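Starting from the known structure of chain A, arrange chain B with the ligands on it as the hints suggest.
First to last, the sequence lines map onto chains A and B.
Count the first sequence with our numbering and you get residues 1 to 271, in order.
Count the second sequence with our numbering and you get residues 1 to 295, in order.
If you are wondering where the hints come from, they were derived from the structure by calculation, not from laboratory data.
You may find that some hints are simply not true.
Pairs of lysine-lysine, BS3-like flavour, derived with a Cα cap of 27 angstroms [said to hold, decoys possible]: (1) A:124 - B:202; (2) A:138 - B:196; (3) B:291 - A:99; (4) B:196 - A:139; (5) A:124 - B:196; (6) A:107 - B:196; (7) A:159 - B:293; (8) B:291 - A:124; (9) A:133 - B:202.
Chain A residues, not near chain B, derived (Cβ > 12 angstroms throughout) [unchecked claim]: (10) 80; (11) 146; (12) 212; (13) 228; (14) 248.
Since we're looking at a predicted model, the values are computed, not measured.
Ideal Cβ positions, reconstructed from N, Cα and C, are used throughout, including at glycine.
Each chain is listed here by its residues.
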Amino acid sequence: MYLQNSETMTKQAPDITLKPKVTSIVKINNLNVHVGQHHILKNINLEITKNKITVLLGPSGCGKTTLLKCLNKLTDLYTELRVSGKIFIEEDDILNTQKNVPVIRQKMGLLSQLPYPLPISIYKNVAYGIKLKGVRDKKLIEYNVEKYLREVGLWNEVKDRLHNSPTSLSIGQQQRLCLARGLAVKPRIILADEPTSSLDPISSKIIENLFRKLKKNYTIILVTHVLRQAVRLADNVVFMYYGEIIEQGHSKDLFKNPKTEKLREYMLEGN
Amino acid sequence: MILRRFLFDRITETWMVTALVTILLLPLIIGIALYLKALPLFEIQNLPHLIGSSEWLPTDGKFGFWPFINSSMYVTVLSFIFAAPVCLLAGIYLTQFASKNLVRIMQPVMDILAGLPSVIYGMWGILIIVPFVGNVLAPFLNINSSGYTMLAGGIVLAVMCIPYMLNMLIEIFNTVPIGLKEASLSMGATFWQAVKHVVIRKSYPGIISAYGLGLAKAFGETLAVMMVVGNRVQITHNPFKAGYPLPALIANNYGEMLSIPMYDSALMFAALLLLVIILIINLVFRYFIYKTKTR
Ligand SMILES: Nc1ncnc2c1ncn2[C@@H]1O[C@H](COP(=O)(O)OP(=O)(O)O)[C@@H](O)[C@H]1O
Ligand SMILES: [Mg+2]
Numbered sequence: 001m002y003l004q005n006s007e008t009m010t011k012q013a014p015d016i017t018l019k020p021k022v023t024s025i026v027k028i029n030n031l032n033v034h035v036g037q038h039h040i041l042k043n044i045n046l047e048i049t050k051n052k053i054t055v056l057l058g059p060s061g062c063g064k065t066t067l068l069k070c071l072n073k074l075t076d077l078y079t080e081l082r083v084s085g086k087i088f089i090e091e092d093d094i095l096n097t098q099k100n101v102p103v104i105r106q107k108m109g110l111l112s113q114l115p116y117p118l119p120i121s122i123y124k125n126v127a128y129g130i131k132l133k134g135v136r137d138k139k140l141i142e143y144n145v146e147k148y149l150r151e152v153g154l155w156n157e158v159k160d161r162l163h164n165s166p167t168s169l170s171i172g173q174q175q176r177l178c179l180a181r182g183l184a185v186k187p188r189i190i191l192a193d194e195p196t197s198s199l200d201p202i203s204s205k206i207i208e209n210l211f212r213k214l215k216k217n218y219t220i221i222l223v224t225h226v227l228r229q230a231v232r233l234a235d236n237v238v239f240m241y242y243g244e245i246i247e248q249g250h251s252k253d254l255f256k257n258p259k260t261e262k263l264r265e266y267m268l269e270g271n
Numbered sequence: 001m002i003l004r005r006f007l008f009d010r011i012t013e014t015w016m017v018t019a020l021v022t023i024l025l026l027p028l029i030i031g032i033a034l035y036l037k038a039l040p041l042f043e044i045q046n047l048p049h050l051i052g053s054s055e056w057l058p059t060d061g062k063f064g065f066w067p068f069i070n071s072s073m074y075v076t077v078l079s080f081i082f083a084a085p086v087c088l089l090a091g092i093y094l095t096q097f098a099s100k101n102l103v104r105i106m107q108p109v110m111d112i113l114a115g116l117p118s119v120i121y122g123m124w125g126i127l128i129i130v131p132f133v134g135n136v137l138a139p140f141l142n143i144n145s146s147g148y149t150m151l152a153g154g155i156v157l158a159v160m161c162i163p164y165m166l167n168m169l170i171e172i173f174n175t176v177p178i179g180l181k182e183a184s185l186s187m188g189a190t191f192w193q194a195v196k197h198v199v200i201r202k203s204y205p206g207i208i209s210a211y212g213l214g215l216a217k218a219f220g221e222t223l224a225v226m227m228v229v230g231n232r233v234q235i236t237h238n239p240f241k242a243g244y245p246l247p248a249l250i251a252n253n254y255g256e257m258l259s260i261p262m263y264d265s266a267l268m269f270a271a272l273l274l275l276v277i278i279l280i281i282n283l284v285f286r287y288f289i290y291k292t293k294t295r
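Chain A on its own, in the form it takes in the complex (with noise of 0.2 angstroms):
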């Protein structure tokens, strides 16, 4: 015990030393996605800030929940795209690496455009991530599948039949399930996917507000294409259109004066 704690000192020290201060959590260079002739990511580079909302904006079909599903390799499950670049997760070359893949996709918690609980009940829900990681404490389970059901509101509305099916719940609430799953595998950061597309105004306004929250313990990347949305909550913002980068940088320089046309035409229009 105590030789492998010396051990482990010993190789992380320089780079405690050597690296200021990581503000950056993802870093992607060169990241090319290609779907037969068909070029769906050109030439990606991105950092992106820890502890910031940083909004990935665009028209439909320019490719962000592709380049979302590269960050966490949902990619491996289209065998017709082909990936190549560099994406470093915490300094991870997770493109190029011998981990193992379900470790690296707990690292991120995934909001998708349509809730997806899984085919269990409300608790099995939220526990699954848990268990997947070998917690088989009854106890620790139950006290986490709380904790985390609190943490998206959900806890009060759903404490009477946590054994029921998910599909009993409005869309809004399995949303915030899904969420709450989620952040039940401790995840560094969550991938949201045009989150709020399919709940009504005041279901998408309390995710908005959970996502404000939520950003002091966790990085949060957010698809969206709808303009008023990422005004409200990005910190940074990346313009994407047609597989490119046009523009990215803070949320408020950006949109005071966009350098680009193709985003002060996106702008005009979203309004």
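Frame of chain A, contents of chain B with the ligands only:
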């Protein structure tokens, strides 16, 4: 114009209702007709005796259907044991793991196999399966067997059911949204865990109904089984012995043995039994589906 519209609506409506009612009533009408035709048999023997007795001596007026029911169930269960796991694994492999090209090749192959007339399966059974069972498998196990056995029937039936059930299973697995799998993977499941926890689980009701339909089809299948199963009236639980399933009884004897008194009633009763058993299989599986859906 309006009148025409009105008449047109009325006529299509009545027509559709009639069609619907006919379809709904058809099994009932068939059942009643068979029952009426089988009625004379009930006058000489009661129902429990008809079903439970193993004495099949039509010339003496003794009709015990148990050997036929037993054979039918035996062959069907045997085929199910062979076909069900194969279909499940193949379905999962083809929808989750296989390359798209393999699926593209398999699809028409399965359609053709599902559409082949059963006599072809029967011929194939006689040419391949019967000799295999009689000359290879039985000697290997030190058993004396002609090859025309319930085992051969079960194998042929399984091969017939595989494309049918597999087609249904593939469709069922393909309806599981990919977003569900992504959700499971994103929480750290391995690919196989995602398949197990999400795809298979979500498909439970579908798997059960595919199995139910497959079983019902196997139970009623006549020709192919009849050609390889040996057709001997006996009670046995040995797969290397011949059997005589219900449908084979009807197909073999209808029109030939009718000079024997009560024989035609007996065949009608056999058909009624077949109908009722298939109905029961369907109901049982509906119940299972209902149970898994509301869980
Ligand atoms: N698996 C795939 N096969 C073929 N084309 C794809 C695939 N995934 C994405 N695309 C294409 O890539 C482009 C970007 O898609 P996507 O990332 O979903 O855009 P967005 O999320 O911005 O709407 C689209 O033109 C889409 O048709
Ligand atoms: Mg998208």
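Results for each hint:
1. A:124 - B:202: holds (15 angstroms)
2. A:138 - B:196: holds (22 angstroms)
3. B:291 - A:99: violated (42 angstroms)
4. B:196 - A:139: holds (26 angstroms)
5. A:124 - B:196: Given that 27 angstroms is the threshold and the Cα spacing comes to 15 angstroms, the pair holds.
6. A:107 - B:196: With a Cα-Cα distance of about 23 angstroms, the restraint between residue 107 of chain A and residue 196 of chain B holds, given a limit of 27 angstroms.
7. A:159 - B:293: holds (23 angstroms)
8. B:291 - A:124: Satisfied, since the Cα-Cα distance of roughly 19 angstroms is no more than 27 angstroms.
9. A:133 - B:202: Distance of about 22 angstroms is within 27 angstroms: holds.
10. 80: violated (8 angstroms)
11. 146: Fine: 18 angstroms to the nearest Cβ keeps residue 146 of chain A off the interface.
12. 212: Holds, because the least Cβ-Cβ distance between residue 212 of chain A and chain B comes to about 23 angstroms, which exceeds 12 angstroms.
13. 228: For residue 228 of chain A, whose nearest Cβ neighbour in chain B is about 26 angstroms away, the distance exceeds 12 angstroms, so it holds.
14. 248: Per Cβ check, residue 248 of chain A is outside 12 angstroms of chain B; nearest 25 angstroms; holds.
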